[in-house]
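Trainee: Chain H: place on chain D using the hints.
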Amino acid sequence: MIELSLQIASVEVALALLFNGWRLLKGPALGDRIVALDTMVINVIALIVLIGMLSGGDTYFEAALLLAMVGFVSTIAYCKFILRGDIVE
Amino acid sequence: MSALVDALIAGLVLLGAGFVLIGSWGLVRLPSTMERLHGPTKATTLGLGALLLASVVYFQARLGIWTAHELLISLFLFITAPISANMIAKVHLHRVHTGAIKEPTSIAGAPPSPPEGGDWATFEEPQKDTPSSTAST
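Taken in sequence, the protein lines are chains D and H.
Using our numbering, the letters of the first sequence correspond one by one to residues 1 to 89.
Using our numbering, the letters of the second sequence correspond one by one to residues 1 to 137.
Incorrect hints may have been included.
[To be verified] Partner residues aside, some chain D positions facing chain H, computed with beta carbon under 8 Å:
1) L6
2) E12
3) I34
4) D38
5) I42
6) V49
7) F61
8) A63
9) A68
10) G85
11) V88
It should be emphasised that the hints constitute simulated quantities derived from the structure, not laboratory data.
Ideal Cβ positions, reconstructed from N, Cα and C, are used throughout, including at glycine.
With the rest of the complex left out, here is chain H:
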């Protein structure tokens, strides 16, 4: 039983650290900003989730302390990581839109424009009778 739990903890720790490393490696390796967003916001968050799970199991098995703090951290991170990724993508689109930077050439190329001559939702006027159209009044 104890050896099994040890193996579980070691496996979770190595898995988590591996994902964290892969996320940062993607940040170095991938060619354009929009692609570089993927590594950290997905792989790193997942890796940290595995590390925090390992920490919960470790403190329960080794020291007999039941702590749920780590679950709180991972819950918080899983909620906030998509929001920060969305904000960073908005910053990037905004800076490309205003001409502050040029979209770098990459395998994937520039993000395709939305269909029917529209624009990204960030730059469009809010549509009538939607919650966002009345938000500022």
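Isolated chain D, as found in the complex:
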């Protein structure tokens, strides 16, 4: 039962990634692209967690944690760059 639900969940998250990719390519505003990238990072974290549960290893969580931090910092850096033209003032 768990394996089946994990497979269904993986398909759903992959579909969500495709939706994000569509929004990332289409735009139209710059804010939409930033939101799409930010959501893509979160979805990839979800995928990593699902893969970790499917394979039973516990090394995937470091990757997920690192990705969460890098995703947040990159989103903030991109926003600051657009707002001020400079990241560290």
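Mentor: Then chain H, alone, in the frame of chain D:
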């Protein structure tokens, strides 16, 4: 007991993946940028929280390993998601303000202006004797 835990894990996984999918569907479906901010920053974060909870229960029940890493990730995400949403909303307001883009027409319409002829806090001078007015000195 084991079947109950299995059902709990499967339910949490499906719930989490469903919320992640709904968040991204909202990103595709909703008409304006400000509305599109809602799907990812709320639904997707909540869905990932459910998935991480499922992962904690799974490793405890199946493999007997107690890990709290996942809780760390969800705590981090729950703290940072509102901050990134705030920054993206600021970017959008800034670009509308400077005329780089036009607010798209939608059901909700453009965000209403703040009352009493003021402007959004992002564009206003800091008020006197507040922490933000002395931050740059």
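Trainee: Classify the hint on V88/D as holds or violated, based on whether any CB of chain H lies nearer than 8 Å to its CB.
Mentor: This interface hint is violated because 15 Å lies over the 8 Å limit.
Trainee: Mind checking the CB of A68/D against every CB in chain H and telling me if the closest is under 8 Å?
Mentor: holds, 5 Å
Trainee: Can you verify the interface hint for I34/D: is its Cβ closer than 8 Å to any Cβ in chain H?
Mentor: Where the cut-off is 8 Å and the nearest Cβ of chain H is about 5 Å from I34/D, the hint holds.
Trainee: Is the interface hint for I42/D satisfied, with its Cβ closer than 8 Å to some Cβ of chain H?
Mentor: Holds: closest Cβ of chain H sits about 5 Å from I42/D, inside 8 Å.
Trainee: Does F61/D hold up as a contact with chain H if the rule is Cβ-Cβ below 8 Å?
Mentor: Holds, about 4 Å.
Trainee: Under 8 Å, Cβ to Cβ, is where V49/D needs to be relative to chain H, so tell me if that hint holds or is violated.
Mentor: Check passed: Cβ of V49/D comes within 5 Å of chain H, closer than 8 Å.
Trainee: Closer than 8 Å between Cβ atoms is the bar; does E12/D clear it against chain H? Give me holds or violated.
Mentor: Hint on E12/D: holds, closest Cβ of chain H at ~4 Å, below 8 Å.
Trainee: Minimum Cβ distance from L6/D to chain H below 8 Å?
Mentor: holds, 6 Å
Trainee: Closer than 8 Å between Cβ atoms is the bar; does D38/D clear it against chain H? Give me holds or violated.
Mentor: Since chain H brings a Cβ to about 6 Å from D38/D, closer than 8 Å, the hint holds.
Trainee: Close enough to count: is the Cβ of G85/D nearer than 8 Å to one in chain H?
Mentor: Hint violated; G85/D Cβ to chain H Cβ min 11 Å, cut 8 Å.
Trainee: Holds or violated: A63/D as interface residue toward chain H, Cβ cutoff 8 Å?
Mentor: violated, 10 Å
The structure shown violates the earlier hints numbered 8, 10, 11.
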